[in-house]
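Using the sequences and the hints, build the whole thing.
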Amino acid sequence: MSRARWIATGLLIAVFVLALFASAFAPAPYAKQFRNDTDHPPSKQFPLGTDELGRDRLSRLLYGMRISLLLAPAAALISTVLAALIGGAGAYMGGAWDRGTSMFIDLFLSLPWLFLLLTLRALLPLDIPAVTSVVVTFALLGILGWAASARIVAASVRSIRTSEFLLQARAAGCKPSRLLLRHVLPNVKPILLAQFWISVPLFILTEANLGMLGLGVTEPLPSWGNLLRELENYTALRHSPWLWVPLFSLVMVVSLFQFALGEEERA
Amino acid sequence: MKASDHRVTSTPAAATPASAGGPGIGSSGEVNASRFLIVALAIAVGLLLCSCSRETQPTGELHVTIKTDPKTLNPLMAEEDASDRIRYLTGGVLIRVNRKEQENQGELAESWNVDEGGRRITFNLRPGVKFSDGSDFSADDVVATVKAALDPSLHSPKGDPLRSGGKADVRALDRNKVVIEFEHPIAGLERLFDEIAISPARMSGKADSSVVLGPFSVAEQRAGEYVLLKRNPYYWKKDSAGHQLPYLNAIRMYVLSNRDTELIRFRQGDIHLIDSLPPDLYEQLHSEQPAAARDLGPSVESEQFWFNEVTKAPIPAFKKAWFRSRNFRHAISMAINRADLARVAFRGHATPSVGLLSPANKFWFDKNLKPTPYDTNGALELLKQDGFTRTGDVLKDRNGNLVSFSLITNAGNKQRERMGSLIQQDLQQIGITVNFVPLDFPSIAERIMKTYDYDACMLGLTNVDLDPNGQVNVWMSSADLHQWNPAQKTPETEWEAQIDKYLRAQASTLDRAERKAEFDKVQEIAADEDPMLYLVDKNALVAVSPKVKNADPVVLTPQTYWNAEYLSLEK
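Just so you know, the sequences run in chain order A and B. For the record, in the first sequence the residue sitting at position 173 is 210 according to our numbering, with numbers rising by one throughout. For the record, in the second sequence the residue sitting at position 556 is 1214 according to our numbering, with numbers rising by one throughout.
Since the hints were derived computationally from the structure, they do not count as laboratory data. There may be inaccurate statements among the hints.
What the hints assert, rightly or not - Distance condition first, Cα-Cα at most 30 Å in a straight line; then the derived BS3-like pairs of lysine-lysine:
id, chain 1, residue 1, chain 2, residue 2
1, B, K758, B, K1042
2, B, K1108, B, K978
3, B, K1072, A, K69
4, B, K805, B, K895
5, B, K1042, A, K69
6, B, K788, B, K895
7, B, K1072, A, K81
8, A, K69, B, K788
9, B, K758, B, K888
10, B, K1229, B, K1207
11, B, K1028, B, K1159
12, B, K725, B, K1028
What follows is the structure, given as structure tokens:
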């Protein structure tokens, strides 16, 4: 592992620790409204100022990072497992199964996901706590976000299936389960890992997009998505440069992920 | 165009003596001197006339915005905001509700008389009025337009209130007199004619706002870009000095849905007037151009929420019991800090609501109503009367159910989302958990109109019609928009029966004071029972460019150009 990758990984771990122990670092509860101090500039009491409802921005950023950084990998895990099962299995079985799976993946990719997400979110029961709602949102992202990864996994499995070492193993009388576990899976593992790491920032950004539409994580829970909604107010951005902090932190984390992934791919 | 014709004729008149005298110059010194004097005098008089006439010449093109393309240019079919604004600017009406004084005033009708207990109205029309194409206006045009509005096959939204009077007989008594007789009386009949733009009889029912009696007519429409209104050269109205109105040459209505872009173009001077600015944008503008941003005080737009009291709603029975309890609703109302909603969610540009009408509705607002106090202890006392108990941070009902409900609103409305968060924290203080869920609007409509699968909903309401009859579609228990429990066959509660009774009573008399007394009772019951929790009345926030002269914004729509015929632009 290169030095740069060590640094990126170290920074990511630091961000994760900061987010995980948000309650220790946050100056105030994330939902507490200081109604007489709305839109307050940075001060000793509020290091990143307060939002339009008087809530401490730093606390919300830390808790928001925790939600995004814990749930986005969970969603990425769901989507990667689904991609491995659907894409990998279809390609490994070959023939009509492979063609059928490819068509299914293409069909899945062509669906208008944003509208489907909006519809699914609207169909959810209303009377669920905010925490459940956020878990459901990320679970939906994970369940719906497997198709692009599945296509890549399928292509990789397809090439392994027709490779000479697999033909030799089959000719030597290897059982299908052994073929899969000892020969195919170890060769697909780097692809799956790469897909996982690609999906994490992707889901963070998708949640941010949903949040911009007001349909991501619900109040009063913070997330990067609903923190970024403040960027809509361009005049405020001009006068209050600290509003950029959530965006910078998001860009930084996504870049760190990408950097670490780039190194992984090169490795 | 009349005024420009006048200018064209005045210039040659000034030049004529000079040209007439031209050949004689130099024939005699004395003659030359006197001719020179005459020419100089004529030129001076001509210039004076020119400058005077230019003062009253129609000048300039006013730029405003509409949020969408108009769905129709037929004034009888106008329903949504863009079409209705065009109808307002182009349509000549018999009676106009003055947007500032909120009183009826004669326009195409010089006078009118309502008799037969509100069943008959007789209009005496203004003589000598012409349409924008120069054709004469007469009683036949009124008869044809009103008949078209009443025609059930046309489904005119403007004719709906008139059709509530049953069959109608519309006839011209002579060229300048029209009588309309209804089967049943209609309270506040005359104000309904503020919405009926008179079109030429030959275009009856198919008018397109190109031939009109209003100050402007539609000259051009480019979908997604703009609607251009040109000055009506035959408009009948003149200012106090006798100058022909309108002062403007044209109004260009840009189709622009993005409020940020609208404000940017206002700053650039490309747009002159903005109605109903959101508080955040108002604050931005006010910090840069204090004179251009105007807060007109409470408007007729209110924000409220209600609990689902529908009998067949698919929600737990214990929740229905809470929502149907007056004490519960009143306690929730008392636990909401309305002053904070106005101050924080609307940046101070809203006023805590007192009742179902805003004080902006000058005549009908019940001044005896008292605002609901913010009192969490009082709220808990009321809840205790219904068997609720507070244990630690949570509130439970008499059966041990945790008090928690969902509150839906439309996603993307910043102020409403802020209010939701504030209400969430306010109710948390009395142990109630609110799950605040912004949804896309079609999902909300589906839940509140069809499935009734929701606990509480927060939305806004604009009281377009100042008259109490405009409230009938919400407050009558049989109404579809009686949101907390719509379309009841018979009133399910005693107080709803009372409201129905008073609404009918106010509609059955012509005496304004009597109607007011009856409608005050409706307002008092509504405030006492709290089926709708009125939160705040939004202030009317507008932007007026310093270039616009005679602007006198009001709280009623169209706020900034209700007096469009008197507006002009600085050169």
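Here is what the structure says about each hint:
{"no.": "1", "hint": "K758(B) x K1042(B)", "verdict": "violated (47 Å)"}
{"no.": "2", "hint": "K1108(B) x K978(B)", "verdict": "holds (17 Å)"}
{"no.": "3", "hint": "K1072(B) x K69(A)", "verdict": "holds (19 Å)"}
{"no.": "4", "hint": "K805(B) x K895(B)", "verdict": "holds (26 Å)"}
{"no.": "5", "hint": "K1042(B) x K69(A)", "verdict": "holds (27 Å)"}
{"no.": "6", "hint": "K788(B) x K895(B)", "verdict": "holds (11 Å)"}
{"no.": "7", "hint": "K1072(B) x K81(A)", "verdict": "holds (28 Å)"}
{"no.": "8", "hint": "K69(A) x K788(B)", "verdict": "violated (65 Å)"}
{"no.": "9", "hint": "K758(B) x K888(B)", "verdict": "holds (25 Å)"}
{"no.": "10", "hint": "K1229(B) x K1207(B)", "verdict": "holds (10 Å)"}
{"no.": "11", "hint": "K1028(B) x K1159(B)", "verdict": "holds (23 Å)"}
{"no.": "12", "hint": "K725(B) x K1028(B)", "verdict": "violated (37 Å)"}
Comparing the model with each earlier hint shows violations of hints 1, 8, 12; every other hint is respected.
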